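Following the hints, complete the assembly by docking chain B onto the known chain A.
Next come the chains, spelled out residue by residue.
Number of protein chains: 2
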Amino acid sequence: MTAEIICVGTELLLGNIINTNGAYLANQCAKYGIACYYQDVVGDNEERLLGLLKTATQRADVILLSGGLGPTEDDMTKESVAKFLGKELVLDQESLERIEEYFKTRKLVMTENNKKQALIPEGAVALPNDNGTAPGIYLETEGATYVLLPGPPQELIPMVESQVMPRLLAKSDQAICSQTVKICGIGESKAETMIKDLIDAQTNPTIATYAKVGEVHIRVTAKAEDEKEALKLIKPVIKELKNRFGNAIYTTDESITLEKAVADLLLANHLTISCAESCTGGKLSARLIGVPGISEAYKVGYVTYSNKSKRKLLDVKKSILQKYGAVSENVAKEMVKGLMRETETDVTLATTGIAGPDGGTPEKPVGLVYIACNVKGKIVVKECHFKGDREKIRDNAVAAALELARLCLLEYFSEVTFGKEKK
Amino acid sequence: MTAEIICVGTELLLGNIINTNGAYLANQCAKYGIACYYQDVVGDNEERLLGLLKTATQRADVILLSGGLGPTEDDMTKESVAKFLGKELVLDQESLERIEEYFKTRKLVMTENNKKQALIPEGAVALPNDNGTAPGIYLETEGATYVLLPGPPQELIPMVESQVMPRLLAKSDQAICSQTVKICGIGESKAETMIKDLIDAQTNPTIATYAKVGEVHIRVTAKAEDEKEALKLIKPVIKELKNRFGNAIYTTDESITLEKAVADLLLANHLTISCAESCTGGKLSARLIGVPGISEAYKVGYVTYSNKSKRKLLDVKKSILQKYGAVSENVAKEMVKGLMRETETDVTLATTGIAGPDGGTPEKPVGLVYIACNVKGKIVVKECHFKGDREKIRDNAVAAALELARLCLLEYFSEVTFGKEKK
Chain A
1 MTAEIICVGT ELLLGNIINT NGAYLANQCA KYGIACYYQD VVGDNEERLL
51 GLLKTATQRA DVILLSGGLG PTEDDMTKES VAKFLGKELV LDQESLERIE
101 EYFKTRKLVM TENNKKQALI PEGAVALPND NGTAPGIYLE TEGATYVLLP
151 GPPQELIPMV ESQVMPRLLA KSDQAICSQT VKICGIGESK AETMIKDLID
201 AQTNPTIATY AKVGEVHIRV TAKAEDEKEA LKLIKPVIKE LKNRFGNAIY
251 TTDESITLEK AVADLLLANH LTISCAESCT GGKLSARLIG VPGISEAYKV
301 GYVTYSNKSK RKLLDVKKSI LQKYGAVSEN VAKEMVKGLM RETETDVTLA
351 TTGIAGPDGG TPEKPVGLVY IACNVKGKIV VKECHFKGDR EKIRDNAVAA
401 ALELARLCLL EYFSEVTFGK EKK
Chain B
424 MTAEIICVGT ELLLGNIINT NGAYLANQCA KYGIACYYQD VVGDNEERLL
474 GLLKTATQRA DVILLSGGLG PTEDDMTKES VAKFLGKELV LDQESLERIE
524 EYFKTRKLVM TENNKKQALI PEGAVALPND NGTAPGIYLE TEGATYVLLP
574 GPPQELIPMV ESQVMPRLLA KSDQAICSQT VKICGIGESK AETMIKDLID
624 AQTNPTIATY AKVGEVHIRV TAKAEDEKEA LKLIKPVIKE LKNRFGNAIY
674 TTDESITLEK AVADLLLANH LTISCAESCT GGKLSARLIG VPGISEAYKV
724 GYVTYSNKSK RKLLDVKKSI LQKYGAVSEN VAKEMVKGLM RETETDVTLA
774 TTGIAGPDGG TPEKPVGLVY IACNVKGKIV VKECHFKGDR EKIRDNAVAA
824 ALELARLCLL EYFSEVTFGK EKK
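Chains A and B are the protein sequences, given in the same order.
Just so you know, the working numbering puts the end of the first sequence at 423, numbered straight through with nothing missing.
Just so you know, the working numbering puts the end of the second sequence at 846, numbered straight through with nothing missing.
Hints listed in this document are in silico derivations from the structure and should not be mistaken for laboratory results.
Keep in mind that this is a model prediction, so the values were computed, not measured.
Where a beta carbon is used, it is the ideal one built from N, C-alpha and C, also for glycine.
It cannot be assumed that every hint is accurate.
Each computed BS3-like pair below joins lysine-lysine, with the alpha-carbon atoms no more than 27 Å apart [claimed, not checked]:
hint	chain 1	residue 1	chain 2	residue 2
1	A	Lys107	B	Lys810
2	A	Lys104	B	Lys810
3	B	Lys756	A	Lys196
4	A	Lys312	B	Lys756
5	B	Lys760	A	Lys392
6	B	Lys735	A	Lys317
7	B	Lys815	A	Lys392
8	A	Lys337	B	Lys635
9	B	Lys635	A	Lys212
10	A	Lys323	B	Lys530
11	A	Lys212	B	Lys539
12	A	Lys190	B	Lys815
13	B	Lys799	B	Lys815
14	A	Lys333	B	Lys530
15	B	Lys799	A	Lys376
16	A	Lys212	B	Lys735
17	B	Lys539	A	Lys196
18	A	Lys308	B	Lys801
19	A	Lys190	B	Lys527
20	A	Lys382	B	Lys527
21	B	Lys799	A	Lys308
22	B	Lys731	A	Lys308
Label-pair distances were calculated between CB atoms; the ranges are [what the hints assert, rightly or not]:
hint	chain 1	residue 1	chain 2	residue 2	range
23	B	Lys477	A	Glu296	53 to 61 Å
24	B	Thr675	A	His270	49 to 57 Å
25	B	Glu648	A	Lys104	50 to 58 Å
26	A	Asp173	B	Glu524	49 to 57 Å
27	B	Ala593	A	Lys104	41 to 49 Å
28	A	Val213	B	Ala593	31 to 39 Å
29	A	Gly377	B	Lys740	29 to 37 Å
30	A	Thr72	B	Glu511	49 to 57 Å
31	B	Gly474	A	Asp253	35 to 43 Å
32	B	Pro581	A	Gly377	41 to 49 Å
Just chain A, same shape as in the assembly (with noise of 0.2 Å):
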């Protein structure tokens, strides 16, 4: 079954607002194994849907539209789509009730022109909004099958979780899963370089790589009778991936971000951390504080911008600061050195960098980072080269930090598992 997702608003195409309904829509479909190879975006003007209309049901089984089902005159979608089949609209004696209801229990007066939404093409099936006046329409005809949901998110999305896609899987004969290998400390080019040949090899399940700050996802999506298979194809192509990549790979969860692996690593084995930051600026405890249940971990960041704050909370010698500057590896060092003195933690992160876009020199040019890591007195330093606006090199640098954190807490682990099984 193939999908086509149009969403219908003058706002999107002015580009006020941001098309979450597209990428919601695209997402359900591939979570449930439909293909969707459009997306088309258009204004409140017949004669363009109309259009586009056409289009879409010679390339898809699904026409998934958003939009344009409101109670003014703007909104038009309802009565393209019955113009595009030739239809005629008709009255939902049920969305009419829902719709005076609502108003009734809000103690508004409903105008006249909201009786335009329980207005329904011939034929159709209208569901239900539980958030709002406007009642979707689920249509069905010989070419194609016809969606039309609200535009606002909060009553597009229950709508289509509870009512559309039971209905759309009711008629699918095919499952598709994926899941995703998340890798970091790889660009994207060397990650693909490494595993070409199983790009290269592979039809089903296929694999595709995507770059993010600082990671590179790669998914791997399989095509099958049921889920059971489809997750019997994937299986060994993650072995290979977890073989290629070893602890460069962070998580094969979709829902688990870098931040909430480090979380995860520090909550699991009681170990608390605590940040000091100068180039960065509070970015990194930002991320990690974003990870619900942090608090039984993180305890305290600094932001240390100034070299004044970096010699009286870290206390980094004044002598350090003047020999080698406080964008070195030197200072990186006594940042996470004081920060465990001062704070007591199991584990301190410092970075200290130059993030433009003044303040570089040939020596020390704009994007230059160092980074460090100290877990329970092993330190280790990194010095890294970005590229990039100052908030790019500030958000490589958070990354790199969260990355640098993982893997000193992986070695420390496996010394202290290695160090038991000595005895």
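Frame of chain A, contents of chain B only:
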């Protein structure tokens, strides 16, 4: 002039990422008066991309394509456009040198497939990419103008602003100018109600409101023969908006962010600032430090996520924490007081709140945040109630903290000035 936007990428088609490039490009077109009637999303698939190029060339003068310029085999936008136009791909020596330089400065090994990025269709102009490896491509033909842009927004946006729009605008015969008034502390509905008469009455310039995190932007757009005439139409509307919103306006300059407005107030008056964050966990410092040149004003930040760190670093008394709880007006007040004693900065700013998803109670629900600002001993505490998920609550709290700092600074200056005048 009409444009069509084609965003290429399997990630978009699978709904793995939200199409922010589409919204950005649409917004740029709207801003500069280029009519855009269609946006399309298509995967990394030659056949389908060729089909779309044909359709788009029939209905638009300018085809803006984003994505698929990377080094991997998936990336085929450039190849498809060249094939569609019957043009060869040729090596652009300057682009190759830039790519080699990119890898050299980062001390990375350049793999063979990266060279592919230096190929451009014959007759095209390579657009240097200051934030990545793949250059953009600008190609004028008899049928249409094709603009190929890299997918990552941090590469695409600066390229569009500095290289693409100036080229496209030079082809147009009408000037469209817009100016943005940015306000804080007033919701979008209220802001719109306050200027509904203006919005309804105006056709040129037009007035539109846009909701941002903790802010509302009002854009005034005028069309005229030339820029000077367009600006003349805009001027009285901006004056009227200033009358109505007063101090809630933090800037009328599109490029100024809220954090930049705060930074400018500090820097112009040689004041220093420090932050203590609980629920925002570094996000407030991170935003301030995003402003280049902030080091003259921003001195130090504390992420006092645990109660222990609030006591130790900010000297918040245990009795106050126990009596009122960490999320309270009293603790917020103690935080900015302690921070000023500790850091000797002129302005101190603190946040403490419940970001969720857990930790809320009927008395102190998720979304409750206290923000305190201390300007040379004068303290203001604001109680806020935010809705949404953990990230949204934290982002709103950061915006509210910046806004509180701005208002406290303005008040401080007005008193300082008033005091001087009285003498």
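Hints and how they fare:
1. Of the pairs offered as hints, the one joining Lys107 of chain A and Lys810 of chain B holds, with about 24 Å between alpha carbons and a cut-off of 27 Å not exceeded.
2. Between the alpha carbons of Lys104 of chain A and Lys810 of chain B the distance comes to roughly 26 Å, so the proposed pair stays at or under 27 Å and holds.
3. Among the hinted pairs, Lys756 of chain B with Lys196 of chain A is inconsistent with the structure: their alpha-carbon atoms are about 58 Å apart, more than 27 Å.
4. Simply put, Lys312 of chain A and Lys756 of chain B have alpha-carbon atoms about 24 Å apart, close enough for the 27 Å limit, and the pair holds.
5. Taking the CA atoms of Lys760 of chain B and Lys392 of chain A, the gap is about 34 Å. The hint is violated against a cut of 27 Å.
6. Taking the CA atoms of Lys735 of chain B and Lys317 of chain A, the gap is about 22 Å. The hint holds against a cut of 27 Å.
7. With a C-alpha separation of about 21 Å, the suggested pair Lys815 of chain B and Lys392 of chain A falls inside the 27 Å cut-off, and the hint holds.
8. Between the alpha carbons of Lys337 of chain A and Lys635 of chain B the distance comes to roughly 41 Å, so the proposed pair goes past 27 Å and is violated.
9. Between the alpha carbons of Lys635 of chain B and Lys212 of chain A the distance comes to roughly 25 Å, so the proposed pair stays at or under 27 Å and holds.
10. A hinted pair counts as satisfied when its Cα atoms are at most 27 Å apart, and Lys323 of chain A with Lys530 of chain B qualifies at roughly 25 Å.
11. For the hint pairing Lys212 of chain A with Lys539 of chain B, the CA-to-CA distance comes to about 20 Å; that is within 27 Å, so the pair holds.
12. Proximity of Lys190 of chain A to Lys815 of chain B is assessed by CA-CA distance (about 35 Å); at most 27 Å being required, the pair is judged violated.
13. The hinted pair formed by Lys799 of chain B and Lys815 of chain B fails the criterion: a straight-line CA distance of about 31 Å is larger than 27 Å.
14. A hinted pair counts as satisfied when its Cα atoms are at most 27 Å apart, and Lys333 of chain A with Lys530 of chain B qualifies at roughly 22 Å.
15. With a C-alpha separation of about 40 Å, the suggested pair Lys799 of chain B and Lys376 of chain A falls outside the 27 Å cut-off, and the hint is violated.
16. For a cut-off of 27 Å, the pair hint linking Lys212 of chain A to Lys735 of chain B is broken: about 38 Å separates their Cα positions.
17. Between the alpha carbons of Lys539 of chain B and Lys196 of chain A the distance comes to roughly 16 Å, so the proposed pair stays at or under 27 Å and holds.
18. Our distance criterion of 27 Å between C-alpha atoms is met by Lys308 of chain A and Lys801 of chain B, whose separation comes to about 25 Å.
19. The straight-line distance between the Cα atoms of Lys190 of chain A and Lys527 of chain B is roughly 15 Å, inside the 27 Å bound, and the hint therefore holds.
20. Straight-line distance between C-alpha atoms of Lys382 of chain A and Lys527 of chain B comes to about 18 Å, which keeps the hinted pair within the 27 Å bound.
21. The hinted pair formed by Lys799 of chain B and Lys308 of chain A meets the criterion: a straight-line CA distance of about 20 Å does not exceed 27 Å.
22. For the given pair, Lys731 of chain B sits about 24 Å from Lys308 of chain A by alpha-carbon distance, which is consistent with the 27 Å threshold.
23. In this structure the hint that Lys477 of chain B and Glu296 of chain A lie 53 to 61 Å apart at CB holds, the actual value being about 58 Å.
24. Judged by the Cβ atoms, the range 49 to 57 Å given for Thr675 of chain B and His270 of chain A holds: they are separated by roughly 53 Å.
25. For the pair Glu648 of chain B and Lys104 of chain A, the beta carbons lie near 54 Å from each other, so the given range of 50 to 58 Å is met.
26. At about 53 Å, the beta-carbon gap between Asp173 of chain A and Glu524 of chain B stays in the expected band of 49 to 57 Å.
27. Range check, Ala593 of chain B to Lys104 of chain A: Cβ separation about 58 Å, and the 41 to 49 Å hint is violated.
28. Roughly 34 Å separates the CB atoms of Val213 of chain A and Ala593 of chain B, a value that falls within the hinted 31 to 39 Å.
29. A C-beta distance of roughly 33 Å is found between Gly377 of chain A and Lys740 of chain B, which places it inside the suggested range of 29 to 37 Å.
30. Distance hint check for Thr72 of chain A and Glu511 of chain B: the Cβ-Cβ separation is about 51 Å, which falls inside the suggested range of 49 to 57 Å.
31. The given range of 35 to 43 Å is respected by Gly474 of chain B and Asp253 of chain A, whose C-beta atoms sit roughly 37 Å from each other.
32. Separation of Pro581 of chain B from Gly377 of chain A is about 43 Å and conforms to the stated range, judged on CB atoms against 41 to 49 Å.
Of the numbered hints given earlier, the model fails hints 3, 5, 8, 12, 13, 15, 16 and 27; all others are met.
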